[in-house]
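Student: Sequences listed follow chains A and X, in order. In this text, residue positions in the first sequence follow the UniProt record's numbering: the first is 1, and each later residue adds one. In this text, residue positions in the second sequence follow the UniProt record's numbering: the first is 1, and each later residue adds one.
Don't read these hints as lab results, they were simulated from the structure. Take the hints with a grain of salt, since some may be wrong.
As the list claims (entries may be wrong) - Using 25 Å as the maximum straight-line C-alpha spacing, the simulated DMTMM-like pairs for lysine to aspartate or glutamate come out as follows:
1) LYS32/X / GLU162/A
2) LYS193/X / ASP36/A
3) LYS193/X / ASP20/A
4) LYS32/X / GLU14/A
5) LYS32/X / ASP43/A
6) LYS152/X / GLU167/X
7) LYS51/A / GLU162/A
8) LYS51/A / ASP121/X
9) LYS51/A / GLU70/X
10) LYS196/X / ASP121/X
11) LYS197/X / GLU14/A
12) LYS16/X / ASP36/A
13) LYS195/X / GLU554/A
14) LYS195/X / ASP43/A
15) LYS196/X / ASP27/A
16) LYS51/A / ASP12/X
17) LYS20/X / GLU554/A
18) LYS20/X / GLU108/X
19) LYS13/A / ASP12/X
20) LYS196/X / GLU480/A
21) LYS13/A / GLU164/X
One-letter residues, chain by chain:
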Amino acid sequence: MTAAAIPYTPPLKEIRFVLDHLAGMADVAALPGFEDASPDMVDSILGEAAKIAENILAPLNRIGDVQGARLDADGIARTAEGWGAAWQALVEGGWNGLPFDPARGGMGLPNLLNTAVQEMWHSANMAFALCPMLTQGAVNAVQLYGSDALKDLYLPKMISGEWTGTMNITEPQAGSDLAATRSRAVPNGDHYLVSGQKIFITYGDHDLTENIIHLVLARLPDAPPGVKGISLFVVPKVLVNADGSLGARNQVKCVSLEHKLGIHGSPTAVLSFGDEGGATGFLVGEPNRGLEYMFTMMNHARLNVAMQGLSIAERAYQQALAYARDRVQGKPLGWSEGQSKGIVNHPDVRRLLMGMKARIEAMRGILYTAAAAVDVAHHHADEAARGRAALLVDLLTPIAKGWCTETGQQLASDGVQVHGGMGFIEETGAAQHLRDARITTIYEGTTAIQANDLINRKILRDGGATANGLLDEIAALGGELSGHADEALRVTGAELVAAVHEAKQAVAWVLATAKQDPRLPAAASVTLLELMGVVAGGWQLARAAKVAAERLAEGDADTAFLSAKPLTARFYATHVLPKTAAMRATVVNGSASVMALSEEQLFGAA
Amino acid sequence: MKILCAVKRVVDYNVKIRVKTDQSGVETSNVKFSMNPFDEIAVEEAVRLKEAGAATEIVVVSIGPAQAQETLRTALAMGADRAILVQTDVETQPLAVAKVLKALVEKEAPGMVILGKQAIDDDCNQTGQMLAALLGWGQGTFASKVVAADGKVAVTREIDGGLETVELKLPAVVTADLRLNEPRYASLPNIMKAKKKPLETITPDALGVDVTPRLKTVKVAEPAKRQAGIKVPDVATLVDKLKNEARVI
Chain A
1 MTAAAIPYTP
11 PLKEIRFVLD
21 HLAGMADVAA
31 LPGFEDASPD
41 MVDSILGEAA
51 KIAENILAPL
61 NRIGDVQGAR
71 LDADGIARTA
81 EGWGAAWQAL
91 VEGGWNGLPF
101 DPARGGMGLP
111 NLLNTAVQEM
121 WHSANMAFAL
131 CPMLTQGAVN
141 AVQLYGSDAL
151 KDLYLPKMIS
161 GEWTGTMNIT
171 EPQAGSDLAA
181 TRSRAVPNGD
191 HYLVSGQKIF
201 ITYGDHDLTE
211 NIIHLVLARL
221 PDAPPGVKGI
231 SLFVVPKVLV
241 NADGSLGARN
251 QVKCVSLEHK
261 LGIHGSPTAV
271 LSFGDEGGAT
281 GFLVGEPNRG
291 LEYMFTMMNH
301 ARLNVAMQGL
311 SIAERAYQQA
321 LAYARDRVQG
331 KPLGWSEGQS
341 KGIVNHPDVR
351 RLLMGMKARI
361 EAMRGILYTA
371 AAAVDVAHHH
381 ADEAARGRAA
391 LLVDLLTPIA
401 KGWCTETGQQ
411 LASDGVQVHG
421 GMGFIEETGA
431 AQHLRDARIT
441 TIYEGTTAIQ
451 ANDLINRKIL
461 RDGGATANGL
471 LDEIAALGGE
481 LSGHADEALR
491 VTGAELVAAV
501 HEAKQAVAWV
511 LATAKQDPRL
521 PAAASVTLLE
531 LMGVVAGGWQ
541 LARAAKVAAE
551 RLAEGDADTA
561 FLSAKPLTAR
571 FYATHVLPKT
581 AAMRATVVNG
591 SASVMALSEE
601 QLFGAA
Chain X
1 MKILCAVKRV
11 VDYNVKIRVK
21 TDQSGVETSN
31 VKFSMNPFDE
41 IAVEEAVRLK
51 EAGAATEIVV
61 VSIGPAQAQE
71 TLRTALAMGA
81 DRAILVQTDV
91 ETQPLAVAKV
101 LKALVEKEAP
111 GMVILGKQAI
121 DDDCNQTGQM
131 LAALLGWGQG
141 TFASKVVAAD
151 GKVAVTREID
161 GGLETVELKL
171 PAVVTADLRL
181 NEPRYASLPN
191 IMKAKKKPLE
201 TITPDALGVD
211 VTPRLKTVKV
221 AEPAKRQAGI
231 KVPDVATLVD
241 KLKNEARVI
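Let the hints inform the model, and build the full structure from the sequences given.
Tutor: Pasting the structure below:
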């Protein structure tokens, strides 16, 4: 079989439901500056973005995987067949500018709407969608911290997508530990001379555009050691003249492209800066505050990578579902005349598919809720409302990044499982999703880094106030539903209350033990993150179920869609939420055992 | 030259059509609607004629329910200049639509009317032809190529035996076939601009047209399920069945 394109149908109805009923699209559209985001406009935009995802980006997913990005003899990274035209379609459509300042060519639409568009693009073609994602991140950083001169020169073309952006952080010795950053920047008149080597640079080089704007972390000569001595620079691949035209090539060289487990279509570059004295770079903001600025991009990227977890799971689910309806193996238990004999009717295949569906809806609820909170945190007229939203975003970012990517990976694996042996065969296409998903728990901070962030910055720093506040809110919803007339809602509510109880015990344990031995919460952190993710997912499914029940009671005729919500929530409540008890036990009782063996014992009798 | 372009809101081509349980029609509640694909091709052609300098204004019109505004906005986002919704909740049948279009043509005085060759819901393939007859204009149906110049339009038509090119004196009616062009994706700025373009809503009554359906739908049913095949014992039985049951030889 050749590289057959696997279809992707954007789940517009699900997206619209979550936008309207869980994320509060109407409230976001009511924020100052978002007047254009009316319901019919949102429909038009989502409809057109869906066409692009389905017809342009999705058919290139397999081609990108098979051909990959390659470095040619001239040292230029070449993207796969059709990628240049696809990028051009996004540029001509103005899609990169969706959330940005209209004064610089953006459309001034909410981050929430951008999030929905990004979901479809990541589902259609994750390796491709990384490019717009990183370009948007780079625009954010320049927009927030760059001088007016930098903004005027670079932003219009980065917003339009005529130029793309990258994030240059990692060096061979500086991965999760950025204190080890060695790249240098030396003042030279109105600019700096930047030198050093950066690795793992996504879309660090490519042939989609004439120029690439690198955002690079480097040290000034007099910088203090550690993370407090890192500054952020704009280093263009091709120098830009004062009138915006392109000048000479800058000293930025793509040394090689990595050979990877997945996202083959995305060029992952090793970049060498300043091989002949120094690449021309421009300081962003103030000296030595680069890490802080980079975290603006990083937090944007973390929520986007979390989205990749959802997106890849959705793609894998669609494919698994289509296969399960088509594939016949024996007669399903309890089969009756007229029913399909597809393996979809075998209970365990159904369990896998329900597990995918429920978790996908849970992830979408979390991510769109967080995206709406980003808009509120930036645009609400009331300072207190902005502050509350910002705290929610801060808390949800590591949970979303950690849980949605780990879950996305698990679901991509379940997608392979539904296919049986055919899933292990590359031509089927199910395996690509699993390989592509594998990076999401690693880049932009591994799951462990997210878990550290959750424990140290989001729980310990405020004594658990924000986390417990959210858990109380979830428990209140659970309590309300546990008295509902509908059985599915009742079960969901009761299980949610129980799960919150487990989460609160785990949080209390972290708060109590952190002072005794910092290694204890660290050893428990990933399990705690998973526990918080599972509870947050249950919260969203319960919210969806409640809204659906209300709409049905009001006589909404879309019964097939709406009545599925409480049933899906009950599945999650009975299959996923009970695992929180085991997770709490692991956090509270198991942390000491993680470090119990000596390093020598770990190496054993070899 | 002004172009009048007619578009219909239909059940999206991706939707699996289901017949209503009372067999009065097809299920349309909670179903995705979009612009009739052939009309989308017609809009694209109008926009290309304008971009090529052969047209100066594109007026897009739809006859149907209030929701057809969305369809008109889509056409505006593709590049039409203004829109007219002739709002009615009755089932729109070709003759009534042709009469409404004729009334609009008399009001707007376009140099060309372009529309899809048929709508994918009822597949009538009549409106364009009826409109040309009512107006006494030339018609170029099933167009796969349209070249307008010097008060004339050359329309290459897809016919059974291949392609036929007719030259029509303008004004004329053109109906778009599948291979005429590939409709563009609307850009984000144009989607947003479309909301600010004028969209006028009028009624058939205001145009003096009676759109009451003249045809009555008796019954709508799913196509008959294919019967399972049978094995025949020998060639003689096969020939006999082909001759006497199937009557094909």
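Student: Each hint should be assessed against the structure and marked as holding or not.
Tutor: For each hint, the structure was consulted:
| no. | hint | result |
| --- | --- | --- |
| 1 | LYS32/X / GLU162/A | 34 Å, violated |
| 2 | LYS193/X / ASP36/A | 10 Å, holds |
| 3 | LYS193/X / ASP20/A | 23 Å, holds |
| 4 | LYS32/X / GLU14/A | 13 Å, holds |
| 5 | LYS32/X / ASP43/A | 12 Å, holds |
| 6 | LYS152/X / GLU167/X | 7 Å, holds |
| 7 | LYS51/A / GLU162/A | 22 Å, holds |
| 8 | LYS51/A / ASP121/X | 21 Å, holds |
| 9 | LYS51/A / GLU70/X | 16 Å, holds |
| 10 | LYS196/X / ASP121/X | 30 Å, violated |
| 11 | LYS197/X / GLU14/A | 30 Å, violated |
| 12 | LYS16/X / ASP36/A | 33 Å, violated |
| 13 | LYS195/X / GLU554/A | 31 Å, violated |
| 14 | LYS195/X / ASP43/A | 12 Å, holds |
| 15 | LYS196/X / ASP27/A | 22 Å, holds |
| 16 | LYS51/A / ASP12/X | 13 Å, holds |
| 17 | LYS20/X / GLU554/A | 23 Å, holds |
| 18 | LYS20/X / GLU108/X | 39 Å, violated |
| 19 | LYS13/A / ASP12/X | 14 Å, holds |
| 20 | LYS196/X / GLU480/A | 45 Å, violated |
| 21 | LYS13/A / GLU164/X | 44 Å, violated |
Of the numbered hints stated above, those contradicted by the structure are hints 1, 10, 11, 12, 13, 18, 20, 21, listed in ascending order.
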